[in-house]
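Enquirer: The whole structure should be built from the sequences, with the hints applied where relevant.
With mature numbering (1 follows the signal peptide of the UniProt record, and there is no 0) applied, the sequence shown corresponds to residues -17 to -1, 1 to 127, in that order.
Because the hints were derived from the structure by calculation, they are not lab data.
For lysine-lysine, the following DSBU-like pairs were computed, each having C-alpha atoms within a straight-line distance of at most 35 Å:
hint, residue 1, residue 2
1, K108, K127
2, K85, K50
3, K76, K32
4, K127, K50
5, K117, K127
6, K50, K108
7, K76, K112
8, K112, K127
9, K85, K127
10, K90, K50
11, K76, K108
12, K76, K90
13, K85, K32
14, K90, K108
15, K32, K55
16, K32, K117
17, K76, K117
18, K50, K32
19, K50, K117
20, K55, K127
21, K90, K112
22, K90, K32
23, K117, K85
24, K76, K50
25, K76, K127
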Amino acid sequence: MKNIMMLSALTGVLALTGCTTIKSVVGNDMSGTHEVQATNNNTAPVASKNGVLVDATNYMTLYTYDKDSMNKSDCGTACQVVWPIFQAPSNAKASGQFAAFKREDGKYQWAMNGKPLYFYANDTKMGDKDGDNKFDVWHVIPTK
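Expert: Right under this line is the structure:
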């Protein structure tokens, strides 16, 4: 019964994301998370690379989701398998247009101008932007 429930949940995720294979859903990053923490002063660890916003540690592209509202993520547990949150420490300090907010699941997530920030699991190396305009609701953040 447990296996049937898991298969049903996976089928639902595949249907919602429009993907037909597990690799399309989770990509090569099997962890489902990108645990990038802040720098020593607990401000957002971001940088600009090739004209888009990236995390300052691994230089992976960051994205916003059109369905999010101000400091509130609409990307739940299943969504986060494909779109891991840009996690912040609980003592994160706001700096300019970047601030952290507490999610409903208790985690803290970085936001830019109130828009939560995410990674895309199918981006496997620096410079990848494979999630840009995915389903017309996921977007890179231009820095120029």
